[in-house]
Amino acid sequence: MDLSALGACLTTPACVVTQTTSGLIVGMLLFLVAAGLTLIFGVLKVVNFAHGTFYMLGGYVAYSTLGATESYTLAVLSGALAMALFGVLFERALISRVYGSNVLMQLLICYAVVLIFDDLVKIVWGPEFHAMGMPAAFQVPPLFIAGGVVPPFYAVLIGIAALIAIVLGLGLSMTRFGKTVRAAAINPQMVSALGVNTTLLFAIVFAIGGGLAGLAGALAAPVRSLSPGMGFSILIESFIVTVIGGMGSIAGALVSALLIGMVRGFGTIGFPKFTDGLIYILMIAILLLRPQGLFGRRA
Amino acid sequence: MRSRLGLRELAIGAVALIVVLAIPLFHRSPAFEDFVIRLSAMALFATSLNLLVGNTGMVSFGHGMFYGLGAYAFALTMQMTDLSLPVAAMLAVLVTAFAAFCVGAICVRLSTDYFAFITLAVQMLFYSVIISWQSLTGGDQGLRGGIPRREIFGFELASQLHMYQFCAIVAVLGLLALRHISASPFGQTLRMIRDNENRASFLGIVLWRARLLAFTIAGAFAGLGGVLAALFVSGAYPELADWPNSGQAIFAVMLGGINSFLGPVLGAMILLALNDVVTRITEYQGLVLGIVILAFALGLRRGVLDFLRLAWPGRSR
Chain A
2 MDLSALGACL
12 TTPACVVTQT
22 TSGLIVGMLL
32 FLVAAGLTLI
42 FGVLKVVNFA
52 HGTFYMLGGY
62 VAYSTLGATE
72 SYTLAVLSGA
82 LAMALFGVLF
92 ERALISRVYG
102 SNVLMQLLIC
112 YAVVLIFDDL
122 VKIVWGPEFH
132 AMGMPAAFQV
142 PPLFIAGGVV
152 PPFYAVLIGI
162 AALIAIVLGL
172 GLSMTRFGKT
182 VRAAAINPQM
192 VSALGVNTTL
202 LFAIVFAIGG
212 GLAGLAGALA
222 APVRSLSPGM
232 GFSILIESFI
242 VTVIGGMGSI
252 AGALVSALLI
262 GMVRGFGTIG
272 FPKFTDGLIY
282 ILMIAILLLR
292 PQGLFGRRA
Chain B
-3 MRSRLGLREL
7 AIGAVALIVV
17 LAIPLFHRSP
27 AFEDFVIRLS
37 AMALFATSLN
47 LLVGNTGMVS
57 FGHGMFYGLG
67 AYAFALTMQM
77 TDLSLPVAAM
87 LAVLVTAFAA
97 FCVGAICVRL
107 STDYFAFITL
117 AVQMLFYSVI
127 ISWQSLTGGD
137 QGLRGGIPRR
147 EIFGFELASQ
157 LHMYQFCAIV
167 AVLGLLALRH
177 ISASPFGQTL
187 RMIRDNENRA
197 SFLGIVLWRA
207 RLLAFTIAGA
217 FAGLGGVLAA
227 LFVSGAYPEL
237 ADWPNSGQAI
247 FAVMLGGINS
257 FLGPVLGAMI
267 LLALNDVVTR
277 ITEYQGLVLG
287 IVILAFALGL
297 RRGVLDFLRL
307 AWPGRSR
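Chains A and B, in that order, give the protein sequences. So for the first sequence, my numbering puts the first residue at 2; every next one is plus one. So for the second sequence, my numbering puts the first residue at -3; every next one is plus one.
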């Protein structure tokens, strides 16, 4: 524990800017993954423990696309689209078979998928770490805001994630499709009785969730390195995000992802060895005081 | 459901123990003895979890905490004091039971999903403490330096054969105790809570008290499993308390069957055996293990023993 370092950082604008930026990056990428997780849970009541695998595969697909086309835009798009497709396949081929049986069966299936794809990634891309590298357009000197370092690429990433948060929020609250999704989250039988093809709806929701995770993986690839098993740590973190924000709430996912991002950003200075512990304490406190999460509906 | 621990259970336990103890007399195989030692730890761990999952309907994602705590408490007691092994083991189990009582007191009032999440969070907090409290636990390197192998009741645990016998005896006794608890009126109460908590509550059962007791007992037996694990690895490692380890126990329970007492033991056996066999054949264990689990999960849609019981309804076990 090093509270004096934390205090010194909080009183230095440069340090505040740097740590806030790194916290925002962590938080926004986490939001993209957690948004899909919470959407899938909200509508299908499935806790997708294979969500980290979507994130990992999105990163690797983007890596290969970049190698083939040398276009970052195509790389990111292909990562997201491939994982949207993968999400549909995963839902149709595996998860839909155990709707209605014990929830732990879903967990078992997701675990199997995680194991299988970690190894498939090793076979296809090799067990070593891969670095994707910054796009050439962003290999420029960083911006200095109040003395703090902000790489331009980070700013763009945060912007893209924020844009998606807005589109997702507006799409769910304003459009007809969004209203159908929210209705299906509350009472799928009724929605189905009213003539909506819920099977298709569930598949689309899984596609959106998978696509978001794939997008996050593709966007994160230049910032973090790629390795088999990288989905594991992001899974547990996005899981914490959804619990703190409230299972099924997009707004909750955004707020709690940013909260966790900030704890990470500043926690590394004050409690370098216990940052994870801080996050778990936060989660326990929320569960005790408000079990349904910050934005969750009481069951 | 039969009531108390009958002669039949005792006989089955005794026969199983005799067979396991007799095998090395005819054929010594270090790999097999290793397997039984690891299985005895894992079987206690998974079966204790099933007291919660299968009997009470409480899905705990954080059971690995008590396995890890049992291992650390035991290894630390053996390293820092001169206490004999049974005393240290009992102390470790008591420490774990007390920890489970405290964690349970916070957690058991939460409903199913949130109970699962909070147990996971508490476990991960415990894991973070192990990692960051380096002076006591050795941090991410684990607790090294070995466990002093003191002789007990003529057992010399430095010898693999004696270790094998010791673990087998502890595991069978532990399983019999768990069987007794699960078949007792208290076990019936837990199943009633699982099936209809409102009815149980109307009949005057204090739900949180029964759940807390189940949680404490399950934690204690997981701690006992942890003691065996610590003996086997001759130390304690943070991985024992990490969440993939809790996952292993859940998978063992699910593979074997949650509604059969011996289901988790069979599940643990399947998981360990698969791991051992597959490691020898290929470096891609995850791929093979994943496909096998998928085949089980999609093919049977329930644990193996539960499936068999449904297929041959005449059999009670």
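Heads up, some of the hints might be wrong.
Now the stretches of chain A that chain B is said to cover, found in silico as 3 or more residues with beta-carbon under 8 Å [as the list claims (entries may be wrong)]:
# : region
1 : 94 to 100
2 : 105 to 114
3 : 152 to 162
If you want the footprint, here are the derived chain B segments under chain A, 3+ residues with CB under 8 Å [to be verified]:
# : region
4 : 8 to 16
5 : 19 to 33
6 : 105 to 114
Label pairs and their in silico Cβ distance ranges [as the list claims (entries may be wrong)]:
#  : chain 1 : residue 1 : chain 2 : residue 2 : range
7  : A       : G101      : B       : Q184      : 33 to 41 Å
8  : B       : F198      : A       : A194      : 44 to 52 Å
9  : A       : A286      : B       : A269      : 54 to 62 Å
10 : B       : Q137      : A       : G101      : 41 to 49 Å
11 : B       : L294      : A       : A69       : 51 to 59 Å
12 : B       : S197      : A       : A286      : 23 to 31 Å
Just so you know, these hints were derived from the structure itself, not from any lab. C-beta atoms are modelled at their ideal positions from N, C-alpha and C, and glycine is treated no differently.
Results for each hint:
1. Against chain B, the region 94 to 100 of chain A contributes 3 residues with a C-beta closer than 8 Å to a partner C-beta. That satisfies the three-residue criterion, and the hint holds.
2. As drawn, the region 105 to 114 of chain A meets chain B at 8 residues by the rule of a beta-carbon pair under 8 Å; at three or more, the given contact holds.
3. Residue count for the region 152 to 162 of chain A with a Cβ under 8 Å from a Cβ of chain B: 0. That is fewer than the three needed, and the coverage hint is violated.
4. Only when three residues or more bring their CB closer than 8 Å to a CB of chain A does the claim for the region 8 to 16 of chain B stand; here the count is 0, and the claim is violated.
5. Restraint check on the region 19 to 33 of chain B versus chain A: 0 residues with Cβ-Cβ distances below 8 Å, three needed, restraint violated.
6. Coverage of the region 105 to 114 of chain B by chain A holds [criterion: at least 3 residues with CB-CB distance below 8 Å; count 6].
7. Range check, G101/A to Q184/B: Cβ separation about 27 Å, and the 33 to 41 Å hint is violated.
8. The hinted window of 44 to 52 Å between F198/B and A194/A is violated, with their beta carbons roughly 34 Å apart.
9. Checked against the hint of 54 to 62 Å, the pair A286/A and A269/B fails, with Cβ atoms roughly 42 Å apart.
10. Distance hint for Q137/B and G101/A: a CB-CB separation of about 46 Å, consistent with the stated range 41 to 49 Å.
11. For L294/B and A69/A, the hinted distance range of 51 to 59 Å is not satisfied, since their beta carbons lie about 35 Å from each other.
12. For the pair S197/B and A286/A, the beta carbons lie near 28 Å from each other, so the given range of 23 to 31 Å is met.
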